[in-house]
Amino acid sequence: MAQLQFDNSASLAEKIAADAGVTLSDCYQCGKCSAGCPMSASMDIQPRQAVRLLQLGMADELVRSRMIWLCASCHMCVDRCPNDVDLPALIENARYEAQRIKLCAVPEVGKFNDIFMENVKNFGKSQEVILEGAYNLLSGNLLQDMGSVPHMLRHGIVGPEIRTVREREHVRRMLTAAEKEDEGC
Amino acid sequence: MSRTGVFVCHCGSNIAGALDVERVAEAAGKLPGVRYAATYKYMCSEQGQQLVRDAIAEHGLDRIVIASCSPRMHENTFRKLLKDTPVNPYMLEIANIREQCAWVHTDREQATEKAIDLVRMAVAKVSKNKPLHSSFIPVHKKALVIGAGIAGIQAALDIADAGYEVTLLEKESSIGGHMVMLDKTFPTLDCSACISTPKMSEVAAHPNVTLMTGSTVESVGGYVGNFDVTIRQKAKYVNHDLCTGCGLCETKCPAKVTSEFNQQLCTRTAIFRPFPQAVPAKPVIDPDSCRKLSGKARCGVCQAVCPLGAIDFEDKDKLITDTYGAIVVATGYELVDWAPLYPEYGGGKYPDVITGLQYERLVNASGPTEGKILRPSDKSVPKEIVIVKCVGSRDKKKGRAYCSRACCMYSAKHAHQILDKIPDACVTVFYMDVRTPGKNYEEFYDRAREDGARYVRGRVAKIFRENGKLICRGEDTLLGRSVEVPADMVILETAMTPAPEIRELCARLSISTDEYGWVQEAHPKLRPVETQTAGVYLAGTCQGPKDIPDTVAQAGAAAAKVCILFSKNEIEGSPMISAVDENKCCGCSACVRVCPYRAVTLEEIDSREINGTVKRHVARVNAGLCQGCGACAAACRTGAIDLLGFTNAQILKEVDALCL
Amino acid sequence: MLRYAYYPGCSMDTTGVTYRMSIEYLARKIGLELMEIPDWNCCGASSAHAKGKWQALALPARNLAIAEKRLPGLDICVPCAACYARLLAATAAIRESDETRARIEEITGVTVKAGAEILTLMDVLGTDEGFAACAAAVERKLTGLKVACYYGCLTSRPRAITGVQNIESPELMEKIVSLSGVECVDWDFKTECCGGSHQVDAPAAARPLVERIFRNAKANGAQAIVTACPMCHLNLDMREEEINRKMGTAYDIPVYQFTQLLAVAMGASAKEVGLQKHFYPAFKRLDRTLRKAGTLQ
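Protein chains in written order, with the working numbering: chain A, 1 to 185; chain B, 1001 to 1660; chain C, 2001 to 2297.
Think of the hints as simulated: they come from the structure by calculation, not from any bench. The beta-carbon is built from N, C-alpha and C at its ideal position, and this holds for glycine as well. Certain hints may be false.
Here are some, though not all, of the chain C residues that point toward chain B, as calculated from beta-carbon distances under 8 angstroms [claimed, not checked]: (1) Asn-2166; (2) Ala-2219; (3) Gln-2223.
Could you put the whole structure together from the sequences, leaning on the hints where they help?
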């Protein structure tokens, strides 16, 4: 039997809500968000349930969920919500908390983002070839989308060229400083 | 020299629990002019009041200060008490040491000091009080009821049955309002027209009722007991004295426009009765759709075929002025225009996504489909029907946070009716909550579920058409999964909303509306049918969403209030109104311009000066209109106009008592 | 004056190449000056704001700062919806709070005021001037081709930042693309998300989103889908055949960037707008349309 303990002291749920600028009691659990979410069918907890968990102070379950990584940030939920509850912001902050404890319930998504940002740090711009290649390698999906490679090569959609920013050192320093700032949040 | 008595109330432990009342009385006893100071547990009780009477007799007191709860609670109690004593009821001041002291402070010492300050201020003020005497306003025993839906009809019937004259106004060409558009009513499933049309006939035939349809309020002046109202009666273009209601004209009229009564589901002619049981049962011509009257064509067919020569194209609007003692506002509601608010439901482009009221017209035997539930698009019988609740209500984003109160019940009614009328129909009701607060309401909802209505808890996110079906997406929150229901027809149960045109009417009557436009009652708990303006009452959904039982009850209550007013030949006005010292008044009319009640006018008087009599202008206050707000006293540069009971001298004495 | 600062975004040279080609053709034809922000960096797309708030603001902020300095007084035209959303978010954050701006300046080492308006390419071509220029440049019409205009999610949401009134059924793309002579059908998935980068990192979960879009487009009679973002275009174009194979559907709906249709209407050849580069064959439908309309030269 789960115990509903209302922990009113400073808790992770309150922090996530405060960082997102959300008053959790605004949500009356109507479910319009879940119903409008394009990714809801594959989520382990529904968008509405994400808010419910925070309302009950059960932030750890949210942070451990696959749902926060499957969100596509399309913002259909908040733009239809009768009470303007900023669910994308809640999810984003839940992700930051997950990252803080090195947790990512959908590792492929985490890896994709990591590789993307590594590229940007190194080159200043995203490199699609490196991104796809490194992602396939690190996620273990070695042959993903490989069937499309001949077409892309033939038509010059992808190639060996690396596109960089002249001031890439500046971009690297900038990102490093930003990372530090993010860690402290 | 004042002989003031100060009475400090314990109010049980409400005040005594938060501050030292004995110390307050002790301090009061030392104030200038105070001859007697005491405390008592409950000053408003019979014993407390006797204490005041005895003290007045024993100590020859000529003015009283009660330190107690808010004057809004018991000022009238103590004024009534003083009526039977030598002390004028207005030689009284209340120091609010409860709501403004004991209830809001936690430090006992500081609260006591503050209470002493408040009493000192009251004692200072009362030293400047003068006896005041009420004026009496005659009451014209004729009522005006604006709106002839079930609320207006019921109020008019009750007032008329009590023996008073009533003018019943209705802006449409027939009375009956929204109730007569409904098919059946919950929870009894009475046929709506069957229970309302007898009342409609009764009110139209009542000897005390003057029924005016096609009429609106043009202007209002005056005050309680004496409202001067000008009514605009729109041209009917049909002489109802000659017309017998045979209906021949309606069958010949070539013009067709969408029927408002049938919620745009079918057409009507330009000369028309909105529905078969209309009262009056005689048609009128809508000049905008009439080809002849709007100048589009020569026509005149109705006039040609009328056997009694009742058509009169030369008819004009009439303006009628009369005096009324009381006005009842019963203007009803509108349904929110949902299409621009909910593009996610198709924004109005799907003809088979209809409102609850459109559904009522479909299922009604005198409606566009003669009572058969048919899809507007292709007139086929829908099998899979979805009912969506809370459309436009409980939705801050779309502008209305409130609950529209009746929709849960009429959704259950709609579900029940469909399952009853269409064999093997499947009804899904998407809801957030099911609110069934009335008698037999919960049992009615039980029955709808027994009939087979499937209630899914979740708000519909999107309705779109695919392969001939209307796909409704909502989350079954109890299951935790999103569902798609492919419907043949969708009924949106839309919110009641105030009719926008009553804003102007309310301004004319000087009554308030709330943030949404609902007419504001004088007190939400204890004065539900009165408004801030004496003599103006309200009834029905103009005050807020409600169902028929509550509407009828409220209409009776408003009628009772009117009868209370009419039971007297004159009523007592408050003496705490403005008064003008004509010697000081220079006629600058600042007060006239600043008065929100138009209670001050400039009048010419003959003034005796040193070198003869001159004519000059001074301000005059209408005792009936003045509400005692004091704006004029603040605006007056010479101090000529002052508010009795709150004179400049009284207020300054209070301020000095606190600050010096 | 049809002159804007221009932020192309990282995919323009790779998966967005057909978009770039058609934009260049179009811009030349109507005299639209798109001045590329010098030495621009990646906007961060969806990955940056998944990693951290300040990383997500720093990346676009540098671009805003460069534009302010080197292309002062010009509004910024952003053809990719994700880049648009990021630049707009940074602009809103900087404008909203001096504290945020100060922190961003500290982190990035640039000064930025975010005074320029951020516009999609649709916004630019939808202005009176842009629209008139397009209308004047059309030489032939793609009459008879029924298309579904697909906006994706980021051009209209979040409403609080984009200011778009109707997030369910906008009409800007229809207005512009109708100039090419196509018939825009009314359909219901105009702004439903295509899944973004989840088509790569969560394919099983994301493929149904693309299938749903094709399903509703087809149900409403569309013969082609028109997009305004390189990610949306890639997701629809690249995954159509896989969806047909794996989900048993038979969608035959080529996907075009709206600028490709405009460019073709202005006289561009198939090669000039890169039709051969599409994953799902896109040449035949346009070719047949032009032949039927009698406007193929």
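Quick rundown of the hints versus the structure:
no.	hint	in the structure
1	Asn-2166	6 angstroms, holds
2	Ala-2219	5 angstroms, holds
3	Gln-2223	17 angstroms, violated
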